[in-house]
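If you're matching them up, the sequences are chains A and Z in order. Each residue of the first sequence is one higher than the one before, starting from 1 at the first, in UniProt numbering. Each residue of the second sequence is one higher than the one before, starting from 1 at the first, in UniProt numbering.
Just so you know, these hints were derived from the structure itself, not from any lab. Don't take each hint at face value.
Since the list gives no way to pick one copy over another, a pair counts as held whenever it fits inside one copy or between any two copies.
PhoX-like, lysine-lysine: derived pairs with alpha carbons at most 25 Å apart [as the list claims (entries may be wrong)]:
| # | residue 1 | residue 2 |
| --- | --- | --- |
| 1 | K594 | K212 |
| 2 | K504 | K277 |
| 3 | K534 | K713 |
| 4 | K504 | K622 |
| 5 | K330 | K622 |
| 6 | K622 | K482 |
| 7 | K243 | K30 |
| 8 | K482 | K594 |
| 9 | K27 | K287 |
| 10 | K339 | K534 |
| 11 | K364 | K713 |
| 12 | K212 | K622 |
| 13 | K482 | K504 |
| 14 | K243 | K158 |
2 protein chains.
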Amino acid sequence: VHFPGKVTEISLPRPHGKSFAHRSELKQAKRIVVKLGSAVVTRGDECGLALGRLASIVEQVAVLQNQGREMMIVTSGAVAFGKQRLRHEILLSQSVRQALHSGQNQLKEMSVPVLEARACAAAGQSGLMALYEAMFTQYSICTAQILVTNLDFHDEQKRRNLNSTLHELLRMNIVPIINTNDAVVPPPVPNSDLQGVNVGLYDSPPGTDDAKLIDIFYPGDQQSVTYGTKSRVGIGGMEAKVKAALWALQGGTSVVIANGTDPKVTGHVITDIVEGKKVGTFFSEVKPAGPTVEQQTEMARHAGRTLASLLPEQREEIICCLAELLTERKEEILTANRKDMELASATGFLPQPLINRLSLSTSKLNSLAIGLRQLAVASRDSVGRVLRRTRVANNLELEQITVPIGVLLVIFESRPDCLPQVSALAIASGNALLLKGGKEASNTNKILHQLTQEALSIHGVSDAIQLVSTREEVEDLCRLDKMIDLIIPRGSSQLVRDIQRAAKGIPVLGHSEGVCHVYIDADASIDKALDIVKDSKCDYPAACNAMETLLIHRDLLRTPMFDQIIDMLRQEQVKIHAGPRFASYLTFSPSEVKSLRTEYGDLECCIEVVDGMQDAVDHIHKYGSSHTDVIVTENEETAEQFLQQVDSACVFWNASSRFADGYRFGLGAEVGISTARIHARGPVGLEGLLTTKWVLRGEGQTVSDFSEQGSMKYLHENIPVPQGGFH
Amino acid sequence: VHFPGKVTEISLPRPHGKSFAHRSELKQAKRIVVKLGSAVVTRGDECGLALGRLASIVEQVAVLQNQGREMMIVTSGAVAFGKQRLRHEILLSQSVRQALHSGQNQLKEMSVPVLEARACAAAGQSGLMALYEAMFTQYSICTAQILVTNLDFHDEQKRRNLNSTLHELLRMNIVPIINTNDAVVPPPVPNSDLQGVNVGLYDSPPGTDDAKLIDIFYPGDQQSVTYGTKSRVGIGGMEAKVKAALWALQGGTSVVIANGTDPKVTGHVITDIVEGKKVGTFFSEVKPAGPTVEQQTEMARHAGRTLASLLPEQREEIICCLAELLTERKEEILTANRKDMELASATGFLPQPLINRLSLSTSKLNSLAIGLRQLAVASRDSVGRVLRRTRVANNLELEQITVPIGVLLVIFESRPDCLPQVSALAIASGNALLLKGGKEASNTNKILHQLTQEALSIHGVSDAIQLVSTREEVEDLCRLDKMIDLIIPRGSSQLVRDIQRAAKGIPVLGHSEGVCHVYIDADASIDKALDIVKDSKCDYPAACNAMETLLIHRDLLRTPMFDQIIDMLRQEQVKIHAGPRFASYLTFSPSEVKSLRTEYGDLECCIEVVDGMQDAVDHIHKYGSSHTDVIVTENEETAEQFLQQVDSACVFWNASSRFADGYRFGLGAEVGISTARIHARGPVGLEGLLTTKWVLRGEGQTVSDFSEQGSMKYLHENIPVPQGGFH
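Required output: the full structure, derived from the provided sequences and hints.
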């Protein structure tokens with residue numbers, strides 16, 4: 001184990017003397033010691049404190065303390081504070097006279113005397129404490145100063161005194177701030193702690209090709225610790241910290257060593273750790289049985305490459321086998337599902353619609369199996385399809401072929417039937433897959449995943465699909481940007497939005513909103529208008545392709561058609577909100593909309609008046625989400641202009657917005673609906689899980705052969721590709 | 001104009017009494033007053049200071065002061081500080097006795113007396129100043145306290161005294177901290193300042209559908225100021241701030257009003273403003289002649305929609321016209337180009353290669369025109385192509401057609417020939433385009449853009465392509481995520497990396513690195529190996545498709561082939577670095593590589609030894625960048641396995657890596673090379689600038705017609721699409 005400096009340590013003594021096994025348990029910590037590495041409290045130049053960081057630390061400690069925890073700080077920084085203070089005082093006394101006569105910038109230009117660390121510590125201690133006190137006062141928290149030396153711990157009596165002092169302070173809700181009594185101890189080794197890249201412990205010298213942050217460190221791994229010279233970390237630095245951490249762990253205190261200066265984590269590192277997030281290195285005595293999520297991703301990518309290289313009929317076979325298992329082993333599945341249902345009802349936390357979605361039945365499993373068999377057929381024509389073939393020159397042939405994207409992460413809520421569906425999609429497209437399901441379906445997901453692996457094993461690729469522990473935080477998974485190529489959230493639009501926010505650097509396939517419009521033109525057929533509005537709004541109001549705003553041609557106001565539409569909506573108990581222009585036409589209007597961009601997702605909609613087709617298009621461009629928009633008219637010319645102009649993923653003429661769906665479009669299987677403008681748009685089928693690669697076969701050609709002096713010429717002839725052509 | 005609260009103001013008095021016209025000039029500000037709104041220094045609950053923000057403000061002020069500027073702070077926060085302090089003292093005195101007996105959490109449970117603001121201010125002032133002093137000391141900066149009341153400014157003598165005090169302090173390099181003497185003035189109106197959404201001034205009540213932050217505010221716009229009741233901003237809040245800003249502006253002081261609490265900007269808001277970034281609202285007396293970049297984007301999107309709706313032959317005509325203009329008006333172009341060249345030589349900042357790329361000539365313009373005419377032909381078959389046609393049911397037909405992506409932002413360096421090329425690509429694909437060129441080519445770019453607009457005007461879409469002012473910061477452009485759909489950087493890999501980092505939420509088409517491998521198999525032909533290695537490394541070493549690592553089968557070590565390859569590389573003056581395994585085979589090895597992931601971009605490469613094809617594939621997967629990888633072998637089976645397994649955008653057999661290029665692939669025009677895994681991969685032609693939309697034509701069908709009780713059935717019949725079929 002190699003490790004860098006610049007660390008913040010945090011240890012979480014467990015009341016009953018047993019350390020926590022998992023990060024997720026850190027939430028329960030009652031007493032927390034925050035030890036600040038000197039790099040955390042000082043600035044890079046070591047002159048002066050890093051005030052912003054210090055303030056952030058105080059804020060986080062205050063938040064935790066005010067949650068009822070007992071917080072302690074082991075600080076450093078007195079030397080830095082004192083050095084800056086002494087330097088300043090000395091320069092000031094030298095310079096006041098000159099400054100008065102000759103103007104500014106004197107201070108900076110003067111030479112700084114070399115200052116002794118012990119003197120600095122003495123001069124800085126009181127100022128540092130005053131700063132802590134002033135800062136904690138802002139959170140109604142009292143602090144107390146505790147100065148100790150090494151020897152204090154060797155004296156039994158002193159140790160007992162210290163212990164009882166600390167206990168008394170904690171009992172009085174006071175935060176003890178502990179520091180070395182630097183004025184009476186040997187000065188610290190300079191820079192012992194400040195080198196190296198920094199986030200926690202690494203498995204190789206930080207900065208080298210293979211260095212990876214160790215997420216969880218087990219005492220058993222200590223043998224492999226090598227204090228590499230490359231890491232330039234002094235003995236007083238990280239080795240001592242690891243030893244202290246292991247010693248604390250033996251005493252039942254959990255420890256996390258993390259970087260307190262990384263701009264990516266600064267601001268929340270302490271509270272993030274307590275919330276169980278993957279920050280720094282967590283010391284644990286309990287080695288979990290399974291692989292870490294990083295190991296799972298690696299295994300999946302590796303097996304996925306084999307999956308991709310299978311013959312299409314082999315992938316088809318795996319999917320058919322999974323379909324078979326779903327019906328053959330339905331008793332096991334339903335038993336596990338009943339267990340989840342019972343737990344969900346017992347806790348009573350889950351709302352009824354979610355419980356319905358959680359439940360499986362024989363008929364659900366049967367139709368799931370039918371869907372999988374259809375997908376198996378579709379899978380024949382996916383990976384390795386030749387899209388384009390070009391004769392670049394004589395005996396130099398180029399092909400563009402479809403290949404899997406790589407490793408997919410699918411995050412789904414509640415519905416366990418999602419698991420075999422998504423797995424089959426991944427198998428059909430040759431992609432590796434990480435599955436993260438909801439906790440409420442964990443028993444069902446577990447058996448379904450086992451069956452999936454069983455099916456995969458017939459061609460030796462059972463690792464290609466991995467089920468991620470429910471303990472993993474979605475946010476942590478979204479950070480694996482070097483390992484995951486595409487994230488597909490399947491669930492509420494809130495889930496999608498959260499993931500889009502968290503997934504920095506990984507593309508997300510999905511849509512977070514569907515503000516769909518139906519425009520009733522002046523030339524609309526009354527029957528079609530009624531049917532389409534009713535179906536678009538009422539068939540399934542929570543769907544993303546449901547109508548949210550009804551746009552009506554102004555000539556239709558106060559016509560029988562208009563009255564019938566309103567009557568129908570009232571009869572269907574749709575709550576109507578009026579757009580500003582619609583409201584201005586009415587004497588007694590319904591409540592005016594707050595925003596024309598609202599996605600109601602319920603039996604509610606907005607009605608607005610427009611001057612005509614062009615005005616409707618402008619409204620849709622201004623307030624829509626480019627999902628699905630509909631025109632109802634009998635005028636073909638108006639319709640074609642609407643279809644051409646509206647810049648949405650789906651544009652319909654005289655058809656319900658609810659048709660915007662992979663199954664209804666006949667795409668075979670639906671991966672999701674995308675409102676992104678690149679890669680895949682609208683309902684996405686299997687091809688949304690594929691990308692392409694270019695394969696060039698030559699006989700030693702170089703580009704200089706094609707230069708003006710060269711012997712060869714580009715031909716660039718298209719070679720026709722047969723439908724469904726494979727290499 | 002409506003506006004929210006929570007503001008930090010910053011004013012930049014110009015020494016000679018004239019305010020700055022543009023944000024970019026703010027860098028020159030010598031004297032800066034930072035006024036902190038009360039929301040900036042207090043926490044949300046108004047009890048206590050926002051210490052992190054305060055520390056960050058101190059740090060930024062210190063940085064600017066230490067750059068030699070004269071900084072002043074107008075603070076607030078004494079009341080908050082004092083309120084918290086008094087509350088704490090009172091509670092403490094009440095509770096110490098109880099706490100000693102009954103344990104913790106007493107403080108929180110006790111009732112807090114109502115405190116008078118003036119008393120709080122008096123109690124807080126000294127603490128606040130002590131905090132400022134302690135903080136600034138950490139940056140070697142002295143502070144001074146100045147307390148004033150309204151009346152002090154009405155008394156001529158007092159004003160003069162104040163003025164001379166401030167001047168003297170600034171002369172001595174001391175930061176004056178100015179505050180109201182709250183103890184002797186009427187208490188402030190509570191919350192007058194704390195409502196609303198917050199980043200600066202808005203053109204509509206913040207939070208409504210249309211509200212946009214005003215980037216630059218001109219005094220002439222003041223008539224349109226409406227202090228809307230919706231914004232809930234008291235008179236003492238924003239109106240007073242705008243008035244003060246305009247008054248300061250009249251006196252020659254530039255003002256920026258910005259949000260100091262938005263987490264997106266906090267941390268750097270003050271230094272960002274001084275660096276000229278688009279933060280908050282800038283007050284300027286000089287109204288720029290042209291539209292803002294936001295207006296340009298809107299204009300481009302609007303005209304782009306018309307461009308997209310033109311007939312293919314009309315877009316073709318525009319491109320041909322542009323090609324014509326490039327030769328017809330070459331004198332104008334070359335004159336402007338000479339001006340740029342002279343300026344570049346005169347300043348002497350530009351390195352020679354960049355100057356070469358800047359220069360245009362008649363022959364360059366001619367070949368540019370030829371390229372454009374080829375693109376015109378290719379453009380016929382781009383927008384509106386039918387990719388798929390499905391009969392969903394009787395009289396319900398679905399089409400998937402190609403459409404433009406929307407608004408592209410192309411950022412290019414030096415080479416002005418990029419402008420007509422990229423413009424022609426945008427026209428061919430029906431996309432709107434924002435162009436951001438380098439300052440060094442501004443004259444050439446200007447005339448080339450004029451000609452482009454001239455060509456566009458033949459079909460009334462001259463606004464579809466906009467040239468962005470050279471003053472605009474790339475970083476600010478990358479923030480327009482609701483307005484721009486795709487960014488294409490054309491330039492160095494550093495430019496691409498910077499833009500990928502800055503472009504949060506907007507996809508970037510490009511590659512930041514190309515670590516390409518050539519693997520020489522045991523069955524390689526010696527001649528092919530020599531030619532391919534030489535061409536791949538030496539033809540153009542700076543290209544992204546040049547070889548960086550040469551992988552050699554271990555059986556080839558110490559064979560004549562191996563020696564010839566090394567001799568050839570030496571002859572071509574290629575510096576060789578040894579991979580760890582290669583180094584271990586040699587007695588006197590070249591310098592060992594630092595990382596096997598290095599992109600040298602020069603006449604340098606790494607050589608590593610592998611056990612065979614499979615080992616080469618593993619090496620490429622571990623250390624490559626998935627750009628272009630090559631196998632040299634005569635064994636077809638080995639080759640096909642390599643082509644199948646290597647997971648890169650381009651995989652070649654017996655051909656130079658330098659063929660990875662849009663022109664060489666015969667794509668007609670190259671948009672760029674992408675190493676992304678979605679949307680477009682490898683060399684990208686016109687189709688990389690297109691997306692699709694789904695068009696459904698029905699006669700009133702609803703999805704309930706297809707339910708079990710319904711009357712209709714899905715057919716999902718494929719309707720064949722003729723090659724190049726258009727709707």
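Each hint, compared with the structure:
{"no.": "1", "hint": "K594 with K212", "result": "between (50 Å within a copy, 17 Å between copies)"}
{"no.": "2", "hint": "K504 with K277", "result": "both (16 Å within a copy, 23 Å between copies)"}
{"no.": "3", "hint": "K534 with K713", "result": "between (63 Å within a copy, 20 Å between copies)"}
{"no.": "4", "hint": "K504 with K622", "result": "between (27 Å within a copy, 22 Å between copies)"}
{"no.": "5", "hint": "K330 with K622", "result": "neither (50 Å within a copy, 41 Å between copies)"}
{"no.": "6", "hint": "K622 with K482", "result": "between (36 Å within a copy, 12 Å between copies)"}
{"no.": "7", "hint": "K243 with K30", "result": "within (23 Å within a copy, 53 Å between copies)"}
{"no.": "8", "hint": "K482 with K594", "result": "between (42 Å within a copy, 21 Å between copies)"}
{"no.": "9", "hint": "K27 with K287", "result": "within (19 Å within a copy, 56 Å between copies)"}
{"no.": "10", "hint": "K339 with K534", "result": "neither (39 Å within a copy, 66 Å between copies)"}
{"no.": "11", "hint": "K364 with K713", "result": "between (61 Å within a copy, 21 Å between copies)"}
{"no.": "12", "hint": "K212 with K622", "result": "between (47 Å within a copy, 14 Å between copies)"}
{"no.": "13", "hint": "K482 with K504", "result": "both (11 Å within a copy, 17 Å between copies)"}
{"no.": "14", "hint": "K243 with K158", "result": "within (23 Å within a copy, 65 Å between copies)"}
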